[in-house]
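Peer 1: Please build the complex by placing chain P with the ligands on the supplied structure of chain A, with the hints as guidance.
Chain by chain, the residues run as shown.
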Amino acid sequence: MEKELRLMKGNEAIAEAAIRAGADGYFGYPITPQSEILEYLMEANPRETTGMVVLQAESEVAAINMVYGGAGCGKKVMTSSSSPGISLKQEGITYIAGAELPCLIVNVVRGGPGLGTIQPAQSDYFQATKGGGHGDYHLIVLAPASVQEMADFVEMSFDLAFKYRNPVMILSDGAIGQMMEKVYLKPQKKRSDEILPWATTGKPATRERNIITSLDLDPERQEKFNHKLIAKYREIEEKEVLFEEFMTDDAEYLFVAYGTSARICQKALQMARHEGIKAGLLRPITLFPYPKKRLNELADRVKGMLAVEMSAGQMVEDVMLSVNGKTRVSHYGRMGGMIPTPEEVLENLKLFIKGQEKWQR
Amino acid sequence: MAEINTNDIVRPENLTYVKSKILTDNVMHYCPGCGHSTAHRVLAEVIEEEDLQSRTVGITPVGCSVLMYNYIDVDFQEAAHGRAPALATAVKRLMPEKFVFTYQGDGDLAAIGTAETIHTCNRGENILILFINNGIYGMTGGQMAPTTLEGMKSSTSPYGREVATMGSPIKMADIVALLPGTCYVTRQSVNTAGGVRKLKRALKKAVQYQNEKRGTCFIEVVSNCPSGWKMTPVESNKWMEENMFPFYPLGDIKVPAE
Ligand SMILES: Cc1ncc(C[n+]2csc(CCOP(=O)(O)OP(=O)(O)O)c2C)c(N)n1
Ligand code: SF4
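For the protein sequence lines, the chains are A and P, in the order given.
Heads up, this note's numbering is the position in the first sequence plus 8, with the first residue counted as 1.
Heads up, this note's numbering is the position in the second sequence plus 28, with the first residue counted as 1.
Just so you know, the hints here were simulated from the structure itself, not pulled from any lab data.
It is possible that some hints are incorrect.
Claimed, not checked - Partial chain A-side listing against chain P, Cβ under 7 Å, derived:
hint : residue
1    : D32
2    : Y76
3    : G78
4    : C81
5    : Q127
6    : I219
7    : I220
Just so we're clear, the structure is a prediction, and the values are computed from it rather than from any experiment.
Just so you know, even glycine gets a beta-carbon here, dropped at the ideal spot from N, CA and C.
In isolation and in its complexed conformation, chain A is listed as follows (with noise of 0.2 Å):
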């Protein structure tokens, strides 16, 4: 079957993709900026056509709990929110990740803190990589930079989270969901019905119970099972890295930006190289796991780097660890659901050329 071109909001692509990826259940909660993907899924009445389960939850607790239960039956399951409705989230979270279930978690972030605003930012980074909930634990965090990787993401998400059994997380925000973009869409798979060998769906005589749980009281064997996440998690550090580099072999100066703001760097890079600024950007596509290998080589030809995020400044921290003093790293944001422009972008780049950023640490 042939692509199917369409125009769609990236939040409409994210659910679109989820019944064409063969998803089995989704449970959310109504939260701006990202309802579409309900209010999408609800009209589009997938239970009639591939038998996905859409259920309005009655909160994000409840939604990401049923996201536990559905993925502890080892079916492809998922939820979506924004930064608000993620906070309550956290405590399913990090059960989830204890448990070892795979599912996908979406984050239309908009500003915060508190209720904040429901425009877009990329405040929530910290939240998002370096886990979020209590315990020691890591996401899988892909970040989207247009309503084609909003599609895309959705079943590269799953084939992650199935093939790690972990929680992956779709790190949007307001302006990526909300923009409409052509956007290519894949053919609809089938859901699969394949019993999974841990999942609970029901133990016949021929195998042990299966128990779903993240709780071990012994200390010792708690240790040992810290100790497989975090080898768990440095596979995954070793081999799903994903980014992208745009006029980085003479670049001197480097941004560092993801999704939105990768968009607006973008633009600035170009602005730059016309004034004869050698300008360069790289775009983490993983924010966990980062590309710090491949930060830390530039860091050996460039002058500085520039880390343009929606946020206080969040990523700029991994920039700083992966380049390990190697290099000159500054941040530039704007905050509160306010997007920078290419213009204010490149200004904030000729004052880190001359020494003269405005953030401190």
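Peer 2: Okay, now just chain P with the ligands, sitting in the frame of chain A:
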């Protein structure tokens, strides 16, 4: 004298108690006289007698029964505190042919998990909620629960539950019975042989209603917590009969129309 062979004595008709095959050989961690162990046993018997093992998924709570999965030989998921009904909702929606139950204490079901309890029942999810109401937080050492009786002492109501500042004990079974989504709501006990038999009958009815997809079944077991109540098992049962049963009367609250 003729030699006595144990096999001549251990015959089904000579046994008053046979351990269900669905109960594992793990030693239960419950305190002596605790109602949890009896409730487990009855549930295991029903799973065995109704031949449900291969299609059962149980959800354990956070509370004393968190390790229930060590004792009953079916597939289990362990939920976060209060969230068991949310897990059960998804399990059942995604695998409608399974028998899905949650097993929850009063802190789990009636405090932190109230929203999940109410909304799961309101949606009429085809699951069984087995609710062990012992009027206290057992696992964390005897703090006040939403179901703690007026005047009842606990480590966080050391002068007795004061309704003016702590609210009245909540009757969850009566609340969920008001919701159209529940098909069967009953209150039972496990402190006597008769109580155990009645609970077993209630569980079998619930299995039938689940098979018929009639909606949510909610079985409350008014139970004891000798450790949390700081009583001997015998004292705790007497106290339960004299204080808990009058406030939480046993019997059916809602039965489906035939
Ligand atoms: C989010 C969260 N809050 C608090 C606790 C601590 N905690 C564990 S069990 C429990 C109460 C258990 O009481 P109940 O549900 O009545 O069950 P019982 O132990 O009496 O059977 C509490 C508060 C927890 N594990 N998780
Ligand atoms: S603390 Fe109470 S509820 Fe828990 S096992 Fe002991 S008697 Fe039972």
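Peer 1: The structure should be examined with respect to each hint, and the outcome stated for every one.
Peer 2: Against the structure, the hints:
1. With a cut of 7 Å, the hint placing A:D32 at the interface with chain P holds, because the nearest CB-to-CB distance is about 6 Å.
2. Interface restraint check: A:Y76 against chain P, minimum CB-CB distance 6 Å, threshold 7 Å, status holds.
3. Annotation: A:G78 was flagged as interfacial toward chain P, and the flag holds, the nearest CB pair being 4 Å apart, inside 7 Å.
4. Look at A:C81: its Cβ gets to within about 6 Å of chain P, closer than 7 Å, so that hint holds up.
5. About 29 Å separates the beta-carbon of A:Q127 from the nearest beta-carbon of chain P, more than 7 Å, and the hint is not met.
6. Residue-level restraint check for A:I219 holds (minimum Cβ-Cβ distance to chain P is 5 Å; threshold 7 Å).
7. At about 4 Å, the closest approach between the beta carbon of A:I220 and any beta carbon in chain P falls short of 7 Å, and the interface hint on this residue holds.
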